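S.K.: Spelled out from the first residue to the last, the chains are:
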Amino acid sequence: MTIQVPKTALSHRVEDLLRTERLPHVWCPGCGIGIVLQAFLRAVKDLEAKGVINRNQLVFVTGIGCTGRASGYVRLDGAHTPHGRPIAYAYGVKLGNPKLVPVVFSGDGDLAGIGGNHLLHAARRNFDLLVIMVNNLNYALTGGQLAPTTPRGVYSTTTPKGNPERPLDAARLVAALGANYVARWSIHYPVHIEESIKKALPRRGFRFIEVLSICPEIFGRHIGFRTPAELYERLRKISKVRKPKSLEDIKYDWDEEITLGVFVDKDEPGYMESLCERYNYSWCDELPEKRWARK
Amino acid sequence: MARREFLTGNEAMAEAAIAAGLKVFIGYPITPASDLFEYLAEKLPEHGGIVFQGEDEIASINALVGAVYAGAKAMTATSGPGFSLMAESLGLAAMVEAPIVIVYNMRTGPSTGIATGTGQGDVMQSRWASHGHYMDVVYAPWSVQEAYNLVIKAFDTAWRLRVPTIVLGDTILAHTRELVVAYEPGEVKVADRKPPREPPGQFKPFKPDPDDLVPPMAFYGEGYAVLVESLAHDERGYYTTNPKVYEALVRRLEEKVMKNKHLVAQSDSRMAEDAETLIVAFGTLARSALALVKDLRKQGKKVGLWRPVSIWPLDEEGLVKAAEKASRVIVAEMNLGQLYREVARILAPLGKKVELVPVLSPELPGPDELLDYFEKAGVRI
Chain A
1 MTIQVPKTAL SHRVEDLLRT ERLPHVWCPG CGIGIVLQAF LRAVKDLEAK GVINRNQLVF
61 VTGIGCTGRA SGYVRLDGAH TPHGRPIAYA YGVKLGNPKL VPVVFSGDGD LAGIGGNHLL
121 HAARRNFDLL VIMVNNLNYA LTGGQLAPTT PRGVYSTTTP KGNPERPLDA ARLVAALGAN
181 YVARWSIHYP VHIEESIKKA LPRRGFRFIE VLSICPEIFG RHIGFRTPAE LYERLRKISK
241 VRKPKSLEDI KYDWDEEITL GVFVDKDEPG YMESLCERYN YSWCDELPEK RWARK
Chain B
1 MARREFLTGN EAMAEAAIAA GLKVFIGYPI TPASDLFEYL AEKLPEHGGI VFQGEDEIAS
61 INALVGAVYA GAKAMTATSG PGFSLMAESL GLAAMVEAPI VIVYNMRTGP STGIATGTGQ
121 GDVMQSRWAS HGHYMDVVYA PWSVQEAYNL VIKAFDTAWR LRVPTIVLGD TILAHTRELV
181 VAYEPGEVKV ADRKPPREPP GQFKPFKPDP DDLVPPMAFY GEGYAVLVES LAHDERGYYT
241 TNPKVYEALV RRLEEKVMKN KHLVAQSDSR MAEDAETLIV AFGTLARSAL ALVKDLRKQG
301 KKVGLWRPVS IWPLDEEGLV KAAEKASRVI VAEMNLGQLY REVARILAPL GKKVELVPVL
361 SPELPGPDEL LDYFEKAGVR I
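Going down the list, the sequences are from chains A and B. Note that the first sequence covers residues 1 to 295 in our numbering. Note that the second sequence covers residues 1 to 381 in our numbering.
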């Protein structure tokens, strides 16, 4: 039996960017991924309304994991690629048609773990690419195993005596490699996430936005947080929005402070323009990044 | 205008790719494929194409899949260890029906092996590297001219059937310099994608045409909201665990190639009509084998050669026809028996004696040395 629901009752401002026939989604109650995805879709709608971008030039690329499933729900050109490879796939999209604007949307395990090599080289190259990394502090879809971002000391299903490793601060790493735009937020700041995406999407070079998210079902419950709200509160307490004095001043410490805010905001030519300095390609004048940089 | 050039195998394959309309080359340096990469780095930008050095082979092949969905004819070149790294996303290319072309020059393995030596140990790896059951197409040239022709054919096959297509060369082919008849871009005909026939909203990116089982392809940026799904998917590209949809998908990935086998399978018979002994060899080793066949013919022995030009799929009918009159079949290859197993399987119903001459050497043997390998294997003609 199909239940008919009046369209107006459930319509949402980003509905036309979703493959609504695929809902409900796989994400657990209390999961933060939807907050980040909605911020992205709202940013797309807003930029489109202002005439800055056209949704047909966007390519929404994800990897494997909970966050990776987003491409299945988003009504844009896109790809759901093997574990760790969305950045590499996105390179190809841009090289195959420089007029396109690839966006990578994936998790911390996918981008900073198995895909770490692609992440660091994309940042080093200042490759024209926006990466949104949803950091839920663990490998969630596979059952709560250790991630490179998992805080030291906490339990995971592959570190039963507590994590002995120092976690990776992906935002600080990417900032150190010279990316054009680096910001970190948490899901407590949906408006800030949206504003950051609006700023970063029509920008040349490599842009990286990390969003700390909560995984109440797999991460939180396993380490003793009984409800999503408890984990949400815990993360809120240690998240501090501030302007760091230096790279070393950016903190990623589960017990003291996770620094949030915009860490890098510059507008140097990206990889594609650097290619155009050497070769006279027919598309060089039509690079969307170049047009945006002139505005 | 067709022109004559004196090129190495790698240079010829690079030239062929340019003639076929190559727009993006993405690779990672490895012997003996690097000089193809270097040659394209010089030449491809003159034809408006981009050459990009990935951080590794994994990046390269994933980027290749992205590039073809963005609408570009794209290629990479690698060798055994690099191809091993590409294995996972060779499966991606097969699953999402991405028309990528890979030049795969075999060297000596396993592992790092003898990096500068030649080999033929990757017959199975070229076909079955990735997990799951999938199909790719593999051509194996024996000369620089044939390498040129088969790279063009590889682009045609890849785009006609939306299947990852490999040109399986080796160190000797990569670096041998021979006269080649080459063409300019536009002078050779290479298949293009079948464009979508339905408007956005109705188009299904993995809905095959019933006649050839190949789905029309929409590129990114055309407004079709194409979802390229690495998970098992239905015709819309949506993930499904439905056993029937899964079975239909995996079967079709194989059947679309087998149904169009006449466009792909190719072999070469020499002096096989009256041969009592048929030697089977492929790639550059087949050149030594042909020289040996000619020597033996001079001694009055009725020997012939059958050489597969496509290895996957093999021209099985061609092999059966060539082997019809022979009482014995000898497979010579530079491994301990990979093509041999296929030949034995195909000829088993005919009751032919199939023998193996393994040639384990980082150097290509001449005809006399090849005969020594025959003797070493206890195979006398």
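Please note that the accuracy of each hint is not assured.
Said to hold, decoys possible - Pairs of lysine-lysine, DSSO-like flavour, derived with a Cα cap of 30 Å: (1) B:K301 x A:K99; (2) B:K204 x B:K256; (3) B:K189 x B:K294; (4) B:K302 x B:K189; (5) A:K99 x B:K259; (6) B:K352 x A:K99; (7) B:K259 x A:K45.
What the hints assert, rightly or not - Beta-carbon label-pair distances, calculated as ranges: (8) A:N56 x B:G337: 32 to 40 Å; (9) A:N54 x B:E38: 37 to 45 Å; (10) B:V245 x A:P160: 36 to 44 Å; (11) A:N56 x B:A87: 30 to 38 Å; (12) A:E257 x B:Q202: 28 to 36 Å; (13) A:K161 x B:L231: 30 to 38 Å.
Simulated from the structure, these hints should not be mistaken for lab results. Small disclaimer: the values here were computed from a predicted structure and weren't measured. Glycine included, every Cβ here is placed at the ideal spot set by N, Cα and C.
S.K.: Hint by hint, say whether it matches the structure.
M.R.: Going down the list of hints, with the structure as the test:
1. B:K301 x A:K99: Given that 30 Å is the threshold and the Cα spacing comes to 64 Å, the pair is violated.
2. B:K204 x B:K256: Holds - the C-alpha atoms of B:K256 and B:K204 are around 17 Å apart, at most 30 Å.
3. B:K189 x B:K294: Distance ~36 Å between B:K189 and B:K294 Cα, so the pair is violated.
4. B:K302 x B:K189: violated, 40 Å
5. A:K99 x B:K259: violated, 37 Å
6. B:K352 x A:K99: violated, 59 Å
7. B:K259 x A:K45: violated, 45 Å
8. A:N56 x B:G337: 32 to 40 Å: Hint violated: Cβ distance 53 Å, outside 32 to 40 Å.
9. A:N54 x B:E38: 37 to 45 Å: Holds, at about 38 Å.
10. B:V245 x A:P160: 36 to 44 Å: holds, 39 Å
11. A:N56 x B:A87: 30 to 38 Å: Holds - the Cβ-Cβ distance for A:N56 and B:A87, about 34 Å, lies within 30 to 38 Å.
12. A:E257 x B:Q202: 28 to 36 Å: Violated - the Cβ-Cβ distance for A:E257 and B:Q202, about 52 Å, lies outside 28 to 36 Å.
13. A:K161 x B:L231: 30 to 38 Å: Cβ of A:K161 to Cβ of B:L231: about 35 Å, so the range 30 to 38 Å holds.
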